[in-house]
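Visitor: Next come the chains, spelled out residue by residue.
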Amino acid sequence: MTARVLLIEDEPNITEAIRFILSRDGCDVTALADGAGAIAAVQAAKPDLVILDLMLPGVSGLEILAQLRADPATKTLPVMMLTAKGQGRDREAAERAGASHFMTKPFSNDDMRAAVRALTGG
Amino acid sequence: MPFNILVLSCLAYVIFLFGVAWAAERRADRGRLGWLQSPLIYTLSLSIYCTAWTFYGAVGYAARSGLEFLTIYLGPTIVFIGWWWVLRKLVRIGRQQRVTSIADLISSRFGKSNLLGVIVTVIAVVAATPYIALQLQSVTLSFSVFASPTDDGFAPPGTEATAVWVACGLALFTILFGTRNLDAKEQHHGIVTAIAVEAVVKLIALIAVGMFVVWGMADGPADMIARISASDVADWKLQPGRWAGLLFAAGAAVICLPRMFQVMVVENADERHLATASWAFPLYLFAMSLFIVPIAVMGLERLPATANPDMFVLTLPLAEGQGALAMLAFLGGFSSATSMVIVESIALATMVSNHIVMPVWLRLRPAKAVSGDVRRLVLLSRRISIGVVLGFGYAYYRMSGGSTALAAIGLIAFVGVAQFLPAMIFGIFWRGATRIGAALGMTVGFVVWAYTLFLPSFGPDAVIPAMVFIEGPFGIEWLRPRALFGVATMDPLLHALFWSMVLNTAAFLTGSLFTFPGPVERMQGAAFVRVFDTTSGSPRGWERGLADPEDLLVMSQRIMGDDDALMFFEAEAKGQGKAGYLPDPTPDFMARLERRLAGSVGAATAHAMMSQLAGRATVTVEDLMAVASESAQIMEYSARLESQQEEVTRTARALREANEKLMQLSIQKDAFLSQISHELRTPMTSIRAFSEILTEGDLPPEMVANYGRIIHDEAKRLTRLLDDLLDLSVLENGTVQLNLGLANLSPMIDRALASASHTKPERSFVIHRDLPMENIFIRTDADRLVQVFINLISNARKYCDATAPELRISVRQRGGRVTVDFADNGSGIPKASQALIFEKFARLTDQTRAGGAGLGLAICREVMANLGGTITYLPGQGGAAFRVAVPLRLERKAD
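In order, the protein sequence lines correspond to chains A and B.
Here the first sequence stands for residues 1 to 122, numbered as in UniProt numbering.
Here the second sequence stands for residues 1 to 895, numbered as in UniProt numbering.
Isolated chain B (complex conformation) (with noise of 0.2 Å):
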């Protein structure tokens, strides 16, 4: 096939993939998630697991060592058959916590601390290099294969360059998508529909070839066997060790490698979506695997002996003349290749991110770290680091001469990733692990794995030099890479398995043993073993009410983005039963908000952060450790207690504050009645006296005009006042008319501005405003929506007290909602008033009579509510803001 036939069809095939992860993104973005969520998607997103080396290198592996194969697809069928319920207690935990990545577990668990962050980094970096290598290698390979046999003059370019071009294509896809969002919570629902798709791809591929082997080449089933019988492959002896040590490899790798950890954890929608993946994920390996000793068994029968058995899935199809055949099984193994590359350096980006570039910039500058845009900081580390991930995959497919065996290369990861294994599984079931024992354990398995296996891989004098091999370093025999503490006989990789595991393990406990956990980290142990022990409190780590709520908005805001800091603000402040954006800074809501950012950048940063706001600034977790760490059991015991205690006290907060809203409510009845006679009264007092002067008669002309005037005046303010009443209580009872219908907002705004400007002409107002945003086409009351409009602009020009006044109205769509905000840049409303400004006759300054008798925003909150929508006091925006929230179409009248 043409050479450039092929590249058009894979770009073809990655456009497509771009378009169903663009409209899985456009779905969700509207929040209708639906199947985007459903068990069966989170099931097939699993299957990244089946990277190109399953795809072809499991036919490579049968053909050349018989059944072995089957370890890598049985190692995770047992863990999620047998063992469920650490995948469980994993999930719920993620979930729980807002874990970002396997090394935010880790660093999580142990107390938050950075350095195994970092530890964590560095393994599963240097580990998934070889890993990407790979996939890279096997995409060049398939390439070569595919486009060699052209007679038509295109020949393809060389393999490396093919290779670049693949490594830069993919940098750009997961670039493009799996940088979108930054909160890693928000889930990347357009990655995961596209890979799910992938899965589909790729089984449905590897079933065609093996179909077309099983009854196009041979005779149906019968036949087959029989021929798998007389093959070489019937000749495999089963060696019990290597079996083993594999088996356990594959099952640890489905737990700890990276990506596994992000789909399986990160990406989970719903915990009892690993329910049907427990069975329905070992049916997808089960599918992928039937047909690869068929598929291996006709290659060595077929082609001839040079040919390279990874590629058999390719190459039979070619030989037979089944060129769309071929295609399939091609775009099958691209698929295979691309969705592992892309989740891989999604979760190594995010965890280099998190844990090496942002605490370096936390530490670098300290003083901004709050007020300074950490989103775009976030968001370049990660494309960044998506670009270096794959530069390493591609610099090792180089130095290892990309000969290698794909499986062989496969291996040496997964032996590199169980490294995580003894700190995560102890760290979830024993509360004695300790952040020490955790380091050590993991550095030294590393540093064992990356002797034994990884730096012998790139082949003998590339690092490590040939002598060493034989005689060891320094001549110290038992020290040699393949045969450590003498143990000559074991094959390589089962021997840098099992020392780099003892040894990890060992490390592991003796550091645990003998260190003793500090504070926090008996704190996040507790958590983190007993998550499903929901009666005890969860521990805590905060005390009350030393951080400003407004601050850690502010903070929050930089971190999370506007809205969804508003939201997330609001939505504390309302289960605190108080209105506004504002909660109180209870130990309940700062846990809540630690988490919530953790979720974006960290458990380590996030809590580096807010201890900033809460004044911990210089109490370090080594700090806290040396004072407090006798008294760690009491702390936990406390934090029980004072969980029930919040509780009582809640509960009462909100028995007394729904008395003094009710005796609130008596006494603003009265009070508002009163409020009505004095408005009524006072302009009845003019009109009622200059009318006597008026009759009692002999002025001056002139006089008579003026008195006239005056009575004129008077009597439109009554006329004023009492169509605001009227239109009050026909708004608050609900039987107000709304005149539904189409209408584009930007008009709309700018009628209220023309109407607003009667109000102070003298004063010149600079107006921001942002008129693409603004074309939006609503369907609500637009006459109701200009009237609020009209009251917040003159509001702002009535009382903005800026020298050079400016009004900023800035428009956002956002679900089925469309904001509106009004910001000046006068001294804003304090914070005391601001819970008053939506009461009726609430002026806050009594002197301005500035016109109206203070039902303006009371109207304005009213006809909000009968639109559906809100109207709110916007803080911590520097100067008096509202924010106008609508339906973008509004059906009925709301109640």
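So that you can see chain A by itself, here it is in the shape it has in the complex (with noise of 0.2 Å):
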């Protein structure tokens, strides 16, 4: 079975490697690029995963976590939390807000790819 992931992420070349990488494993992936309309896209698609940039402009990741968190038909879809910032203080913010996984930019094509299967249960 094809896994869908919904991308969410503002630097486009950064979507452009993600997709690449993900689409290259059989993933079937869709991007946004800004939080506003995440969570109607995750209800319309009701994808396998979200891949979710932690600094997004409009609307904070961990916002669009939360809400994720709080909603039940979503409460348990694995998220998998994306930032440039690396600090450990964001890390357990995005843990606290229920993330499924934490990976830091820069990360490696291979840790993108076993990541994505073990949430995806590939």
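Each hint can be trusted.
Here are the simulated BS3-like pairs of lysine-lysine, each with C-alpha atoms no more than 25 Å apart in a straight line:
no.: 1; chain 1: A; residue 1: Lys85; chain 2: B; residue 2: Lys716
no.: 2; chain 1: B; residue 1: Lys661; chain 2: B; residue 2: Lys578
no.: 3; chain 1: A; residue 1: Lys85; chain 2: B; residue 2: Lys669
Source of the hints: derived by calculation from the structure; they are not laboratory data.
Hey, can you piece these two chains together into the complex? The hints should help.
Guide: Right, here's the structure in full:
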């Protein structure tokens, strides 16, 4: 079965890289450039995994995560947080908010692939 | 001497004065005041007291009435030596309240009452008219005396024509130099310096003629004294009443004459100058009076009995064949007349425009009062007023027939302005003096003066029918103009002086005792009477937070001019510990702003304009009086408490702000590191991911090319960020190497515009420039300055949200600084964000990743600090506007 991944990331080049890596690994990747429509997109696309950047224009990634966790339908949905800040504080905050996995930029492509496989049960 | 040579000499002299005034003005503009503000110049400028009347008329006076002429010199001497403490108080009040004229002083003292301003202005204009006529008459007379023995065919034109030309020439000179600056407190350095030069010329001229008389015509002082004893002048008998009256009138005049007030108070730059003047000015008067009697005696002895004694100074050297000396004497007289007319008409024009034209205009167009261009209107009304004042003088000269002795005309003016004395002196020493009292006193005094002295001076039947002098109006004998209340034996001048002053003072005291001062009046009264009492807080008229500082700024720009207003507001904001141009509207600030505006448009008008913005438009002084006249005392007391409260609040605020700043700095440091990490990691992520993809191999060539390009772009972005960070760190540490050189501003702006056009090249911008103004050579680091310009222009291209975007680049040079303003027509930067934009990574709109990491303006700020300049956001300009200020000559690197 093809894993469907929703990627919410504002840097177009990073989006392109993740899309390429995951597509080659057999995922179906949908991308979103800002956090405003994130909740609606999750409800519509019903992805198997959400990859969420922490610092998004408009709404912050943590807020989106908190909203997803508050909704029973998405309470257990796997969410991977991505951040370029990479301080310990940010990791703790993400885990408290219910992130399934936390990944710092820059990442190795193998780590990314492995984490996605683990989260989508592939 | 041929008439045309005479005219040429006058013209040459006027052009010389013009040059002096111009040079002084230039010096003052460059901020190098130096000796322009010395006590010597101040004392010499006071000598406009000695007009053509003292120059020519004193000799005539001595020839006709003996030593009585001395009163004209003794009156001011007594005031300067014995009453200097009154003068010091006047000068202190004038400086503290930014008083623009004697009308402004009196209006301001009595609750900024415009009625009083009008009364004083009317009296001053009417009283000055014969005085100005006197100057025109003496210049005209000296012209005709000088030019009459012509034998080479150049007959002088009619005296009327001469008088017209003299009046027009003086009006032109006065307008050119007296109405260049608007704020009266900016002072007329050019005029004052020219007048100081004229003071020297007239003193030298009179002494030269005197020495010629004593040593050239007589055989030294001993012979001269013998001749004086033998002449009619020695038979002079002291008339105690007239002597005392004239002393009083001359003493009052030196305080009350609008032109004396102008040079003594308005043009005063330093209170200590008065200390020098208190002995130096009497000394000057003494020197001026030293040779009067010898010249008069010698004139009576040598010249035919038909010769006009008023012209002895001129006719004696001429009769002795001393052409050059006569020419010097002529220029001395010319100097005396011109300096008086120039300052008098400036002083009167300021009064007319501030107390009559502006209030009328404000009432007619109240809605536009705050937004219209007030400066042009004020200047225009002053220029027209100067013309009108001189026109009146000329008309009086024609009407009075130009025949009266000079001294008699001057005394009429002295008694006229003496009517201000009770209101002024009581006003600054007695808190119980009221507006009604002042208005009553001055009006009564003025009417009595006009009826007993001024109108009769036109001659019987000219204004007042001859029968009235004999039988009184309507046959009422005790109302005869020369014998009021049946006092028929008095000298007419003394009679007028006595009755006008007695009735004036009586009306003033009665009015003051029977009316109660309103609150504004009480506060002003306290401020005036206790001007030296520094411990009591200055009375406050404004409540906190009623006016929007940006509105105040916009209004002040209309009145003071953009630069001065911005400078004033910036300094005020700095004083409150705030950056930028918008101080809190504290009562202190409002009061200072009001005084500053009062310097331009007068106290009453400034108060009215501020009231409109402070939401008090409908509350008049009269309303306030009705509501709060009972509680005036309490208000004053609470004002003092409030000032202490204010002090405590200010200290607490300063402490709180310092603490917040420290905390912010610590938070900022963390945030900065976190930001740098983020900004570095983002391009690194792309580079790492794509380079791994490329090493994994088997990609179609076009994808390899595409991913290669992304890696390249991101690497460049990383480099740019590192460059910016390094640049910023070098600039902040002050270790930057500046490449100083002389460069023209205009090509710098060209370069910046060309460079910035790569930012959003698809947007077409209309650029407004003023090329002639840009043609300035600056000694600076041109590349660094261009870097700042590029940043500002690029920002405008990126963020200006107007549909038809425009950018206006305007350049001004002022003192040793050049400012370049960049203003676009977008919606500008919201007030809350204005303080943030110069901080690192302070990108206001996160979405538009318009390139750069948000370090642009932070770098600009550091560059400008290194160039010894500033970059600031200019609020209230419509769109986003930035001002770059650089020193004209950067000698070495600034700290």
